[in-house]
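Read left to right, the sequence shown gives residues 1 to 178 (our numbering).
Hints are computed from structural coordinates only; laboratory data are not their basis. Take the hints with a grain of salt, since some may be wrong.
Label-pair restraints from in silico Cβ distances [stated by the list, open to error]:
(1) 119 with 167: 16 to 22 Å
(2) 128 with 48: 22 to 28 Å
(3) 81 with 131: 19 to 25 Å
(4) 103 with 20: 33 to 39 Å
(5) 145 with 172: 38 to 44 Å
(6) 31 with 103: 25 to 31 Å
(7) 48 with 142: 40 to 46 Å
(8) 38 with 88: 30 to 36 Å
(9) 77 with 156: 18 to 24 Å
(10) 77 with 45: 35 to 41 Å
(11) 170 with 143: 40 to 46 Å
(12) 38 with 153: 28 to 34 Å
Built from N, CA and C at the ideal position, the CB exists for glycine as well.
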Amino acid sequence: MDRSQPIIGGEVGDWNLFFATTAGSAATLVGLLFVATQLHLGVFSDPKNRWAALAQSTLTILATAFALSLSFLIPMLSTQVRGEIILLGAAVAIWRGIRIWWPVFRLTDKDRGHLFVQSFWLLLLPFAVYIYLLTGAVGLLKGDATAYVNVAGALLTMFVVALRNTWRLVVNVEQEGH
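Sequences and hints are given; from them, build the entire structure.
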């Protein structure tokens, strides 16, 4: 094997550094999420707590970004297999998102505005990002190498959402009370 060649040949070769960086970034943000949960451990013990739901949703986003980024570094996978991996990852992430959001949605002591904001960050925005990710998967399944741009855009958007959520978990849990 020639070490001067990228791990992934052909159409994905230029994306090696991007996917390696996103995998490392996801792992780093999981570390920050771990710190956030350790700072306020009592808050996260109740699965119906909105902060616990936000932490679980963020972990799902980061785990999906990490797993997909790592899978794109596996040599010799075809574009179609990469599309199938994304389909599976997005399906699991959507299912987890609904399971995390539902107990918080069912709480009756919240006002409608607050419920909308929670639903936006826990379900609606991640769902939109996963749909964007699925557009990349469909493109890859069709053999379109330019679909990597959609995958990359979705991964970057996942980081924006996860970074915002993690920051709220680190800073705002104590300020807003439990």
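Checklist entry - Given a hinted range of 40 to 46 Å, is it respected by the beta-carbon distance of residue 48 and residue 142? => result Holds, at about 42 Å.
Item to check | Verdict for residue 38, residue 88 (Cβ pair) under range 30 to 36 Å | outcome: Given range 30 to 36 Å: holds, Cβ gap about 31 Å.
Checklist entry - At the C-beta level, are residue 103 and residue 20 separated by a distance inside 33 to 39 Å? => result About 36 Å separates the Cβ atoms of residue 103 and residue 20, which means 33 to 39 Å holds.
Next on the checklist: Between the beta carbons of residue 170 and residue 143, is the distance compatible with 40 to 46 Å?
Outcome noted: holds, 42 Å
Checklist entry - Per the hint of 38 to 44 Å, is the separation of the Cβ atoms of residue 145 and residue 172 within bounds? => result Since the Cβ atoms of residue 145 and residue 172 sit about 41 Å apart, the hinted range of 38 to 44 Å holds.
Next on the checklist: Quick check: does the Cβ-Cβ distance between residue 128 and residue 48 fall within 22 to 28 Å?
Outcome noted: holds, 24 Å
Checklist entry - Does the Cβ pair residue 81, residue 131 satisfy 19 to 25 Å? => result holds, 21 Å
Checklist entry - Does the Cβ pair residue 119, residue 167 satisfy 16 to 22 Å? => result holds, 20 Å
Item to check | Distance restraint hint 18 to 24 Å, applied to the beta-carbon atoms of residue 77 and residue 156 | outcome: holds, 22 Å
Next on the checklist: Assuming the hint says 35 to 41 Å, is it satisfied by the Cβ distance from residue 77 to residue 45 or not?
Outcome noted: Check passed, 40 Å falls within 35 to 41 Å.
Checklist entry - Using the C-beta atoms of residue 38 and residue 153, is the stated range 28 to 34 Å upheld? => result About 32 Å separates the Cβ atoms of residue 38 and residue 153, which means 28 to 34 Å holds.
Checklist entry - Does the Cβ pair residue 31, residue 103 satisfy 25 to 31 Å? => result holds, 26 Å
In the structure shown, no violation is registered for any of the earlier numbered hints.
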